[in-house]
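Engineer: Place chain B on chain A using the hints.
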Amino acid sequence: MKTKIKFSIVGLLLLLAVAPVQAELYMDGFLQGLYGGRLDQNNPTATEQTASETRMQLRAEHFGDVGEFFGRIDFTYDAADSAGLEVELREAFMKFRLGSSLDVKAGRQILTWGTGDLIFINDVFAKDYRSFFVGRDDQYLKAPQTAIRTDFYAGKLGSFSFVWTPRFEPNRLPTGRKLSYFNGQGIVGEGYFFDVPTPESKFENGEFAFRYQRRLGNFTSALYFYRGFYKNPMGAVMVPMGESFMPMPVYPELAVYGASVRGPLFGGILWLEGGMFDNQDDPDGDNPLMPNSSVTGMLGFERQVATNLTANLQWQADFMMDHDKYVAEREGSGMYIRDEVRHLVTSRITRLLMDENLTLSGFVFFSPTDEDWYARVSAAYKYSDEITLTVGGNAFDGKDESTEFGQFQLNDNVYLKMTYGF
Amino acid sequence: MKKVAYTLVLVLAGLGMFGMNAAAEDAAEIMKKSHLAYYYAGDDGVADVSMKIVSKRGKERVKEFIMLRLDEEEGGAQKYYTYFKKPSDVSRLTFMVHKSPEGNDMRWIYVPSVDLVKPISADDKNSSFVGSNFSYEDVSGRHWSEDTHTMAGDSTIDGKAVYVIESVPVEAYGGFARKVSYICQETHLPLVENYYNKKGNLERVFRAENIEEVNGIMTMTSRSMENVKKGGKTVIEFSNIEYNVGMKSDLFTERYLKNPPRKYVR
Numbered sequence: 001m002k003t004k005i006k007f008s009i010v011g012l013l014l015l016l017a018v019a020p021v022q023a024e025l026y027m028d029g030f031l032q033g034l035y036g037g038r039l040d041q042n043n044p045t046a047t048e049q050t051a052s053e054t055r056m057q058l059r060a061e062h063f064g065d066v067g068e069f070f071g072r073i074d075f076t077y078d079a080a081d082s083a084g085l086e087v088e089l090r091e092a093f094m095k096f097r098l099g100s101s102l103d104v105k106a107g108r109q110i111l112t113w114g115t116g117d118l119i120f121i122n123d124v125f126a127k128d129y130r131s132f133f134v135g136r137d138d139q140y141l142k143a144p145q146t147a148i149r150t151d152f153y154a155g156k157l158g159s160f161s162f163v164w165t166p167r168f169e170p171n172r173l174p175t176g177r178k179l180s181y182f183n184g185q186g187i188v189g190e191g192y193f194f195d196v197p198t199p200e201s202k203f204e205n206g207e208f209a210f211r212y213q214r215r216l217g218n219f220t221s222a223l224y225f226y227r228g229f230y231k232n233p234m235g236a237v238m239v240p241m242g243e244s245f246m247p248m249p250v251y252p253e254l255a256v257y258g259a260s261v262r263g264p265l266f267g268g269i270l271w272l273e274g275g276m277f278d279n280q281d282d283p284d285g286d287n288p289l290m291p292n293s294s295v296t297g298m299l300g301f302e303r304q305v306a307t308n309l310t311a312n313l314q315w316q317a318d319f320m321m322d323h324d325k326y327v328a329e330r331e332g333s334g335m336y337i338r339d340e341v342r343h344l345v346t347s348r349i350t351r352l353l354m355d356e357n358l359t360l361s362g363f364v365f366f367s368p369t370d371e372d373w374y375a376r377v378s379a380a381y382k383y384s385d386e387i388t389l390t391v392g393g394n395a396f397d398g399k400d401e402s403t404e405f406g407q408f409q410l411n412d413n414v415y416l417k418m419t420y421g422f
Numbered sequence: 001m002k003k004v005a006y007t008l009v010l011v012l013a014g015l016g017m018f019g020m021n022a023a024a025e026d027a028a029e030i031m032k033k034s035h036l037a038y039y040y041a042g043d044d045g046v047a048d049v050s051m052k053i054v055s056k057r058g059k060e061r062v063k064e065f066i067m068l069r070l071d072e073e074e075g076g077a078q079k080y081y082t083y084f085k086k087p088s089d090v091s092r093l094t095f096m097v098h099k100s101p102e103g104n105d106m107r108w109i110y111v112p113s114v115d116l117v118k119p120i121s122a123d124d125k126n127s128s129f130v131g132s133n134f135s136y137e138d139v140s141g142r143h144w145s146e147d148t149h150t151m152a153g154d155s156t157i158d159g160k161a162v163y164v165i166e167s168v169p170v171e172a173y174g175g176f177a178r179k180v181s182y183i184c185q186e187t188h189l190p191l192v193e194n195y196y197n198k199k200g201n202l203e204r205v206f207r208a209e210n211i212e213e214v215n216g217i218m219t220m221t222s223r224s225m226e227n228v229k230k231g232g233k234t235v236i237e238f239s240n241i242e243y244n245v246g247m248k249s250d251l252f253t254e255r256y257l258k259n260p261p262r263k264y265v266r
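The listed protein sequences derive, respectively, from chains A and B. Anchor point for the first sequence: position 238 equals 238 in my numbering, and the numbering is continuous, going up by one each time. Anchor point for the second sequence: position 97 equals 97 in my numbering, and the numbering is continuous, going up by one each time.
Looking at chain A on its own, in the form it has when it is part of the complex:
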C-alpha cells in the first residue's frame, strides 16, 4: 500500500514536472467553507446546522492531440453530517472526436439540456436537492452520472445527442438529518430515511436519453426522448413483511417525450418546452401506489430590464392524466389531493453592482394550485480574484405538508460561504 502511494506521488510529480514543458496539463480549483443554520426551532432534523463543511475541489485537465481529459474531485469534511471526510469524483471524463462529426464524452459527467431555469422537464438527469437547499454553489444542484455521451453533428440538419447511463442514477433527496421532508405520514427528521434500492444493475435498467436539436432561424428547437426511471422514488410496491404486506418505495419506470424551442424575441429570450411523463409501470393510472402519467408545459421569458439588472419569469402547467382515478383513490383518506392542473410560477432577478463584483440574486417558486412556495436569495461579493464571500437564505412554506415545497416548510435557513479560488 505504502509503495503504491509512493509510486502515485512520484507519478504525479513526474506528470507535474513534465507539464510545463508541454503546457498541456492544467490544475486549479477552490477551497470553500459553508456554514448554515436552520431558522425554525420546531424542525425535527437531527442537527441545527444545515451546513458546516469545508470543501476542496481540485480540477485537472489534459489535452492530447486527439482527445482530452477533465477531472474534478471534491474533498469535503462535513461536520454537520458524517463528521468525516467525504471524497466524491464529481467529473472524470475523456473527450474525443471520431471522424469529423462525431464527438464522444465518456465517464463521470454532469449532464444538462432543456430550456428551463431551475425547472426541468426533458432534463431527466440527476439533481442534488440536499445541496440545492442549503446554499452550496449552483454547480452542486447537478449530480454526476456515469455515462457515455455521443453527439453527432449533421451540418444544417442539426445534431443528434445520445446519452447512455448504464447504471440508473437517482436524485439526491433530503435525508432528515439537515433537512426534514414529508415521508408519507408527516414531516420527519432523521431515522426514517433509507436509500431506496435502485433498479437492478442490468442492461435493460440503464437510462437512455436522446436529443435532436437544430437551428430554425435565430431559434433553437429540440426533440427529446428519455427511457429510464422516475428520478425520485415516487412509487411503491407491496412486499411481504412477516405475515402481512408492506409498501416499499420504488423508482417507477418512466418514458419522457418532449420538445422545446428557444430564441430571441421582444428584446429578450423566450422559451417554450413541453413533455409527457409516461409512467411505464402504471400507464392508465390504475395503481394507487404509482404516480399518474402527466403532460407538462412551460413558457419562459428573460430580459435585461436595466443595465446590470436581469429578470425572468416562467410559468409551468402540469396536467395529471387520469386525475379522476387519482381523486377516487385518495378521497376520504385524508391524503392531499392536488388539482388536475398544477401551476407553477417562478421568477429570477439578478442585480450586478460594484463593477459586477457584487451579485444580488433572488429566485422564487410559487404554486397557486398547491399553495406552496420556495424562495432563494443570495448576495455574493468578489472581494478579490481569489476570495468570494456569500451570504444567502432559503425559505419555504405551504398550506399542506406533503406538497413539493410545503414539505420543506420547517427548513428555512441562512448561510455564510467563503470561497478561495486558485
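Quick caveat, the hints were computed from the structure, so don't treat them as lab data. Hints may be right or wrong, so weigh each one.
As a list, the in silico SDA-like pairs of lysine to any residue whose alpha-carbon atoms are at most 25 Å apart [unchecked claim]: (1) B:K125 to A:F266; (2) B:K263 to A:G155; (3) A:K95 to B:K258; (4) B:K263 to B:P87; (5) B:K258 to A:F208; (6) B:K258 to A:S221; (7) B:K258 to A:P197; (8) A:K156 to B:K118; (9) A:K156 to B:S249; (10) B:K258 to A:F120; (11) B:K85 to A:V104; (12) B:K258 to A:L223; (13) B:K56 to A:D103.
Beta-carbon label-pair distances, calculated as ranges [as the list claims (entries may be wrong)]: (14) A:G67 to B:E242: 23 to 29 Å; (15) B:E102 to A:V196: 52 to 58 Å; (16) B:T156 to A:G33: 54 to 60 Å; (17) B:E212 to A:G67: 54 to 60 Å; (18) B:K160 to A:F69: 46 to 52 Å.
Sample of chain B residues at the chain A side, in silico, Cβ under 7 Å [unchecked claim]: (19) S88; (20) S91; (21) V114; (22) P119; (23) G200.
Every value quoted in this text rests on a predicted model; they were computed, and no experiment measured them. Virtual Cβ for every residue (Gly too), placed ideally from N, Cα, C.
Structural biologist: Chain B alone, transformed into the frame defined by chain A:
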C-alpha cells in the same frame, strides 16, 4: 437690396451646407477606415488577452482569456469566441457572440460546471464587458453609421498626426452623447477617444497604449479605458496575436462552445 441680401444668405447657406456635407463625408469616411483598421484587422484573428481592472480605490483584478474573431464580411457581420482562463471561478467558461450590424447581436454562454448552454439577451450594448470599464460595444465596435461625424481639425498626439473627429449618436444612446476621437492619420487607429455625457462632462477616456506590427498589420496590443467621472481604469493587453489563421464559421456554434477548439484554445 433686401432681395440681394436674401439671395446672398441663401447662397452662403447653400455653400455652407455643401461644405459641411463634404466635411461630414470625409469624417465618416475616416471613421469607417478607422473602424475597419481597428475591429476588422485581417479576416480572422486569435489572441491571448489579459484584462487588468483597477477600481477607483486602486484594487486590481485580472481576467485572462483567449479571444477568437472571424469577419464574415468586411465592416459587416462578425463572430467572436471567448474562452476564460482566469480567475478560477470562471475558468473554462466560454462565451460566443454573433454580431450583425443591422439587427441585435446573439450571445451565448456555456458554463461547464453545470453543462449549461444559455442564450443571453443582448439588448444593452452599453453594459460593461465582464465588469470592466469597457462596454460590449467598446470591445466589438460601434458601427460608424450609428453616429454623425464632423471633422474638427488636425492635431498631433505623441508626435503622430491625427484627425480630430466629433461624433454624435444618430439616435439617443446611453453610452455617450458626444465623442471626440483622435485618429492616427497613418494607421487610422484611434489613439485617444473622449466620451462626454448629456451634460457635456467628460466621462470616459480611451487610450491606445501600444501599437505594433503583427503579421504585417498595425495592431493595438494594449489599450485602456479610464472612467474619469466615477474613477477606475481597465487596461487590456493582447499577446500571441495571429491573423488569418483560416478559422471556419462552424467554429462559432454550440458544438465548439461546449468543446473549445484546442487548435486555438489551450
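Engineer: Tell me, which hint numbers fail for this structure?
Structural biologist: Hint check: 7, 13, 17 and 23 fail, others pass.
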